[in-house]
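Chains as they are written, first to last, in this note's numbering: chain A, 95 to 204; chain B, 464 to 575.
No wet-lab data here; the hints were simulated from the structure.
Here the structure is a predicted model, which means the values were calculated and not measured.
Watch out, some of these pointers could steer you wrong.
Stated by the list, open to error - Under 7 Å between C-beta atoms, here's a sample of chain A residues computed to sit facing chain B:
#	residue
1	Arg-136
2	Gly-137
3	Pro-138
4	Ser-140
5	Arg-187
6	Asn-190
7	Phe-194
8	Gly-195
9	Ala-196
10	Gly-197
Stated by the list, open to error - Computed list of chain A residues with no C-beta within reach of chain B, every gap over 10 Å:
#	residue
11	Ile-106
12	Ser-122
13	Asn-126
14	Met-144
15	Glu-148
16	Asn-149
17	Thr-159
18	Gln-166
19	Ser-174
Glycine included, each C-beta is placed from N, C-alpha and C at the ideal position.
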Amino acid sequence: KNQVEQSPQSLIILEGKNCTLQCNYTVSPFSNLRWYKQDTGRGPVSLTIMTFSENTKSNGRYTATLDADTKQSSLHITASQLSDSASYICVVREINDMRFGAGTRLTVKP
Amino acid sequence: DVKVTQSSRYLVKRTGEKVFLECVQDMDHENMFWYRQDPGLGLRLIYFSYDVKMKEKGDIPEGYSVSREKKERFSLILESASTNQTSMYLCASSFLVGYEQYFGPGTRLTVT
Chain A
95 KNQVEQSPQS LIILEGKNCT LQCNYTVSPF SNLRWYKQDT GRGPVSLTIM TFSENTKSNG
155 RYTATLDADT KQSSLHITAS QLSDSASYIC VVREINDMRF GAGTRLTVKP
Chain B
464 DVKVTQSSRY LVKRTGEKVF LECVQDMDHE NMFWYRQDPG LGLRLIYFSY DVKMKEKGDI
524 PEGYSVSREK KERFSLILES ASTNQTSMYL CASSFLVGYE QYFGPGTRLT VT
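So here's chain A without its partners, still in its complex pose (with noise of 0.2 Å):
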């Protein structure tokens, strides 16, 4: 069982409208979460880092949050646009490991 669940799947939503990402982990002892964005095309390119101590970072129109006692993290993306569009991945470090979620596929449509 992957130890890092992300949800939904994919998500397709209306360029400007605001959406939420999921992300919950059961790795352990956790260290940091990134949250990265990858186009279609391209390896991924970090978003954010929390660590344990940090509840929420933004990086323009991306808030992530972590709830590091229920283990869950988010992602939300405001006023989308069609650049939004892409894999969306949450990946927990351990001590010495990164365990990679599986990603969300967003699409913003016009």
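Got chain A sorted already, so can you dock chain B onto it with the hints?
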């Protein structure tokens, strides 16, 4: 800016062929990684290297080998390609384990 380059964007090989995938990074990173990415499975670590000539198996090393003769270059080798190795292969590098990984653009390999 960190740059990670991969030798090919697309490759088509026949079953049984030996396949080399090359990755080069220009930031003097210690760590380099090879992943494969399949729909619904996410990225799975094949091998990683934390120093020149050093390598560690990842989660799915079977059917693969790696070579790191120089710090900036990390090669993935499929000794005898099989159809179940058709996948997207991503190379990454990082300064230290756990630090941000910088990914290359990927190589989409098709084995027929």
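Quick rundown of the hints versus the structure:
1. Arg-136: Where the cut-off is 7 Å and the nearest Cβ of chain B is about 5 Å from A:Arg-136, the hint holds.
2. Gly-137: Holds, about 3 Å.
3. Pro-138: Holds, because the Cβ-Cβ distance from A:Pro-138 to chain B comes to roughly 5 Å (cut-off 7 Å).
4. Ser-140: holds (5 Å)
5. Arg-187: holds (5 Å)
6. Asn-190: Check passed: Cβ of A:Asn-190 comes within 6 Å of chain B, closer than 7 Å.
7. Phe-194: holds (4 Å)
8. Gly-195: Since the shortest Cβ distance to chain B is 6 Å, the answer is holds.
9. Ala-196: holds (4 Å)
10. Gly-197: At about 6 Å, which falls below the 7 Å cut-off, the nearest Cβ of chain B leaves the hint on A:Gly-197 intact, so it holds.
11. Ile-106: Given a closest Cβ separation of 17 Å, the condition holds.
12. Ser-122: Given that every Cβ of chain B is farther than 10 Å from that of A:Ser-122, nearest at about 15 Å, it holds.
13. Asn-126: Violated, since 7 Å does not exceed 10 Å.
14. Met-144: holds (13 Å)
15. Glu-148: The claim holds: A:Glu-148 sits with its nearest Cβ about 15 Å from chain B, beyond 10 Å.
16. Asn-149: The claim holds: A:Asn-149 sits with its nearest Cβ about 20 Å from chain B, beyond 10 Å.
17. Thr-159: For A:Thr-159, whose nearest Cβ neighbour in chain B is about 20 Å away, the distance exceeds 10 Å, so it holds.
18. Gln-166: The claim stands: A:Gln-166 keeps its Cβ more than 10 Å from every Cβ of chain B (closest is about 18 Å).
19. Ser-174: Its Cβ never comes within 10 Å of chain B, the nearest being 23 Å, so this holds.
Of the numbered hints stated above, the single one contradicted by the structure is hint 13.
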